[in-house]
Amino acid sequence: MANATPGAKARPLSPHAQVWRWHVTMAASILNRATGAALYGGAIILMGWALSLASGPVAYDNYMGLLGSIPGKVVMFGLTLSVFYHLFAGLRHLAWDSGKGFAPATANQTAWAALIGSGVASVAVWVLAGFMGKL
Amino acid sequence: MAGYRTPLGRARGLGAAKSGVGHFIAERASSVALIPLVLWAVWAALSLAGGGYDDAQAWLRSPINAGLLVLLALAGFFHMQLGMRVIIEDYIARHSTRTVLLLANLFFCWGAGVLTVLAILKVALGGGAN
Numbered sequence: 001m002a003n004a005t006p007g008a009k010a011r012p013l014s015p016h017a018q019v020w021r022w023h024v025t026m027a028a029s030i031l032n033r034a035t036g037a038a039l040y041g042g043a044i045i046l047m048g049w050a051l052s053l054a055s056g057p058v059a060y061d062n063y064m065g066l067l068g069s070i071p072g073k074v075v076m077f078g079l080t081l082s083v084f085y086h087l088f089a090g091l092r093h094l095a096w097d098s099g100k101g102f103a104p105a106t107a108n109q110t111a112w113a114a115l116i117g118s119g120v121a122s123v124a125v126w127v128l129a130g131f132m133g134k135l
Numbered sequence: 001m002a003g004y005r006t007p008l009g010r011a012r013g014l015g016a017a018k019s020g021v022g023h024f025i026a027e028r029a030s031s032v033a034l035i036p037l038v039l040w041a042v043w044a045a046l047s048l049a050g051g052g053y054d055d056a057q058a059w060l061r062s063p064i065n066a067g068l069l070v071l072l073a074l075a076g077f078f079h080m081q082l083g084m085r086v087i088i089e090d091y092i093a094r095h096s097t098r099t100v101l102l103l104a105n106l107f108f109c110w111g112a113g114v115l116t117v118l119a120i121l122k123v124a125l126g127g128g129a130n
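So the sequence lines, in the order shown, correspond to chains D and X. Letter by letter, the first sequence follows residues 1 to 135 in my numbering. Letter by letter, the second sequence follows residues 1 to 130 in my numbering.
If you are wondering where the hints come from, they were derived from the structure by calculation, not from laboratory data. Built from N, CA and C at the ideal position, the CB exists for glycine as well. Hints should not be assumed to be uniformly reliable.
Unchecked claim - Distance ranges between label pairs, derived from CB positions:
hint	chain 1	residue 1	chain 2	residue 2	range
1	D	LEU135	X	ILE87	29 to 37 Å
2	D	TRP96	X	ASP90	14 to 22 Å
3	D	SER98	X	GLY51	36 to 44 Å
4	X	VAL70	D	THR106	34 to 42 Å
5	X	ALA58	D	PRO104	49 to 57 Å
Extracted from the complex, chain D is given alone in its bound form (with noise of 0.2 Å):
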């Protein structure tokens, strides 16, 4: 396309990150697709989880093992954050879907929500495994 016609002026490309100020809707889009990743990577753990189990006891308890050590749990409350951030960010898409939420001042708003509410709901989550004796 650059090249479509001879001689014409260079056309600006498309903004860039380094050339936006962050704003709150943009910080919550991209770590929307950074969670769904992550959780590409919590999948792998949930099939490691199933085929341990399949395996017999010692596997299962090796790799329960694996999950509960420190760095483990970083792992599992990172799985938690992205869960939680993944579902609530795929909500505001639903609403957008349905043609609601566009407002930039709603947009902030949820976009603020889901990030503080998918904060609130992981430390909840694991608060609750704390007081079930689970950590």
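Place chain X on chain D using the hints.
The following block gives chain X in isolation, referenced to the frame of chain D:
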């Protein structure tokens, strides 16, 4: 004749490819299915955390747990194949690389999905005791 038409006019004359909407709807439909499934999965993970092999085996032998877990795996691997496909299509411009990555994504999601479901069924149907 065609030479007088603007690029936009030509594109309009061709109409939409009419294949993108299937992907769009599949992504939304699986996302709706995943809303309750993923909330259940968080609860399930909480109940299974800290438990041993016998607890997990007993848990998965309940048809409701096994059924919901199979549905979660099916909807999840389906949805993530669609999502990763868009990421690859957005960022990888080179045709050969894009084709390889799209196929790798498709095969990985099918392979991992089938393995996960088979492992769940093996335990759920009573074969997990070794």
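- prompt: Which numbered hints are broken by the structure, listed smallest first?
  reply: Failing hints: none at all.
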